[in-house]
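Residues in the sequence shown are numbered from 1 upward in steps of one, following UniProt numbering.
Read the hints as simulated data drawn from the structure, not as lab findings.
Even glycine gets a Cβ: it sits at the ideal position worked out from N, Cα and C.
Take every hint as true, because none was put in to throw you off.
Label pairs and their computed distance ranges (CB to CB): (1) 267 to 107: 40 to 48 Å; (2) 432 to 264: 40 to 48 Å; (3) 129 to 267: 44 to 52 Å; (4) 404 to 129: 49 to 57 Å; (5) 17 to 396: 39 to 47 Å.
Straight-line distance between alpha carbons at most 20 Å, and here's what the computed SDA-like set of lysine to any residue pairs gives: (6) 488 to 395; (7) 126 to 112; (8) 483 to 416; (9) 483 to 497; (10) 126 to 100; (11) 483 to 260.
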Amino acid sequence: MNDWLHEAATADADAAWLLCDRHDPDAVAFRVVAADLSIRSLSYGELADRSRRLATVLRSAGVEAGHRVAVLMGKRLELPVALLAIWRLGAIHVPLFTAFAPDAISARLTASGVRLAISEPGQAAKLEGVAVVSVNDELDARIRAAEPLRDRRPIGGGGQLVELYTSGTTGAPKAVPVPVRALAAFRSYLHYGLDVTEDDVYWNAADPGWAYGLYYAILGPLAHGRANLLVEGGFDPRRTLEVMNRCGVTNFAGAPTMYRALRGVGTARLRRASSAGEPLTPDVTAWAPDALGTEVRDHYGQTEQGMVILNGWHASVRSVVESGSMGRPLPGFTATVLDGQIALDVEASPLMWFEGYVDAPERTRERFTADGRYYLTGDTGRVDENGAFYFTARDDDVILAAGYRIGPFDVESVLVTHPAVADVAVVGAPDELRGEIVVAYVVLADGESPGPTFLAQLQDLVRTRYSAHAYPRQVHVVESLPKTASGKIQRFVLRRGTRSA
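Please put together the full structure from these sequences, using the hints given.
Laid out in structure tokens, this is it:
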């Protein structure tokens, strides 16, 4: 771990060298799976050559060190090529999620001051007010004709690689600057958290337009010299299982919603399975060992830090998973609970890299204690006598009912086990007597309809499986739940509805 930190934090750290040029040119960097399940491999040598040539093309378009370049592109071969080209120039990558509407894209382009954007086919129309380089046959020809860029642009461990905007779960997105030295933390997670080995067929299925996909499907594997699958197109459960089995995937990472969608579709045989983005629900943990050949381990992190607390897979950190626990701190981080809030000890966390948001001093100050010793995650939780951490909720998601603090996840984990419930979110609604009451918004499973005893069934489930004080006093059946583009439930949207009712 110290070696990872040293090489990524030096004053002359070179992102292109750390992520590509030092690796065996014949080794595979990415295997790209097309819609027809055909596979194309991209070696480190090919990645180096194509990104050097594209860097020359971008430089001729006016891109210089420190410029921000947006990339509006899904999981495809051209994505890592574009990112390496940007970093070879000392420029900064601004990720754009392909499902974003034009307004969301425009807001990020304006906030970041992007000068140029690289777009996949069919997405360029969303980009206004900036120069656009489109991925097409013409660009391929320009890349082939260009001279490979040989200049090195070391920007040092503190130099900025990425400007990534948070998913806006509780308000306007914030710009998180990701420095070169964050690569050490990403390697720690691949090693200790995911236990990705040379023999693994590794697949992180998260979208690289967001933190988990960018950090651990692109940056982490490149820094660690491990190949990752990039599967073109959106998520489909049957196709996902087909890719797992056809490609011999042994190490898989994805969101809880992916695992839930895989239930009943088929089986696979994995060596390791990991989940991030939202806490795992009991139905997934019970289903996975027989269906996937291994348990799914829950991991916790944030855009601002990457993964920091986890049920790690590596033998040196692996232990029996305590029911409901998200695990222990990743090596390189030290965590605690301050006044009910999960916090990181800055001085005792050598791999911590977040120092503040871009041009947002007030919002940055909210993230640290007054003395600067602790980083405050904004999430509530607890730690037991064995050092295992338990997630309760985002601080503003906690329900305060009759003096009790109720975490929505605990209630949701019970409600989702009802056979008629496909998805659920729990929020607090104002109540004159109790302060707040628990309200559940339920998406029904296909073919289900709420009968006259549906409310009572859900209430009894919570009373008997969790706690008598936390049952929902109201249940609303809805067609869908409001979520961010990365799949996180926007409970604040539901709370607005309860307060205006």
